[in-house]
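Visitor: Whenever a hint applies, use it, and build me the whole structure from the sequences.
In order, the protein sequence lines correspond to chains A and B.
Everything in the first sequence is counted per the numbering used here, starting at 2 for the first residue and increasing by one.
Everything in the second sequence is counted per the numbering used here, starting at 2 for the first residue and increasing by one.
It cannot be assumed that every hint is accurate.
Using 16 Å as the maximum straight-line C-alpha spacing, the simulated EDC-like pairs for lysine to aspartate or glutamate come out as follows [as the list claims (entries may be wrong)]: (1) A:K81 to B:E102; (2) A:K81 to A:E28; (3) B:K81 to B:E28; (4) B:K132 to B:E28; (5) B:K81 to A:E44; (6) A:K132 to A:E44; (7) A:K81 to B:E28; (8) B:K81 to A:D77.
In case anyone wonders, no lab produced these hints; they're calculated from the structure.
Protein chains: 2
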Amino acid sequence: MTLILGIDPGSRITGFGVVRDTGRGCEYIASGCIRTGTGSLPERLQTVYRGVSEVIRQYGPITMGIEQVFMARNADSALKLGQARGAAIVAGAESGLEIAEYTATQVKQAIAGTGGADKQQVQMMVMHLLKLLQKPQIDASDALAIALCHAHHRQSLIPHGLTQAKRRSGRLRL
Amino acid sequence: MTLILGIDPGSRITGFGVVRDTGRGCEYIASGCIRTGTGSLPERLQTVYRGVSEVIRQYGPITMGIEQVFMARNADSALKLGQARGAAIVAGAESGLEIAEYTATQVKQAIAGTGGADKQQVQMMVMHLLKLLQKPQIDASDALAIALCHAHHRQSLIPHGLTQAKRRSGRLRL
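Guide: Rendered as structure tokens:
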């Protein structure tokens, strides 16, 4: 019964999703968006840091997945994304969570069975896997997909701080 | 007698410099480097966050200057720099410091009188302005230059949170 946090960081909107890994699949706990607003850069980064910290405090996940970025569109957007990502990762680390990174392909592969799935397919599979009746906002849905991917991978990897991981079958359980 | 922190963030080394603005110029207080080591990304970002927080706790600056990055070499290095920058800015903001950003040109202009000054010229001027007998490590020197630039600008700007700023003459006092 492990609570797992997924984070989809962005310079304007950071999505979060919390799922409970019951050992026989994952249940939806919460999801939402942290909107950074129009303040100064320090204020916006503090909003990400405090927002992620508050989600952790409220729901008590012990582990966090975050999307690994290989190619940003350009250096300017990469810098902005990196700043938000840094604020989110520090929030997780300061709250004592183990943190793992996943590529977009790994997330799609874990959720939809193929690394070539599009955003809509991933969103539909997130709804299906978590038995959601309503479509979550896209950033929240992406964060839930990362949380599900992390649930799928975390016991078969040996991430930072997790040394007593038990190996688990290689497929996402529906 | 304001204590001013300058931060030069980097994915491997984050330089810091603390100066005291006496009202008749700046005095050297401290400088150094936070080395992020070879751990996982969350560990490295936490090192930046905790390092900057510790410098603030130890020396008690009330305001912080950080270099504004316009053009990174490429998207990958921009992302890495952004993450370190995000961790450093959140550390400053969470410690209650007002934070201002300066372009490299503004820093060179304030220290060496010309935006076209090279790194060595800036380093020599930092040594001269702060009456240093030894050359500081280059990241520490850059951070001291940012602190001096911030000392120079902060009373003539109206940065975030500083509403009762008194205007001051537009030149750096030697």
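Visitor: Run every hint past the structure and note whether it holds.
Guide: Hint-by-hint comparison with the structure:
no. : hint            : result
1   : A:K81 to B:E102 : holds (14 Å)
2   : A:K81 to A:E28  : violated (32 Å)
3   : B:K81 to B:E28  : violated (32 Å)
4   : B:K132 to B:E28 : holds (8 Å)
5   : B:K81 to A:E44  : violated (21 Å)
6   : A:K132 to A:E44 : violated (36 Å)
7   : A:K81 to B:E28  : violated (34 Å)
8   : B:K81 to A:D77  : holds (12 Å)
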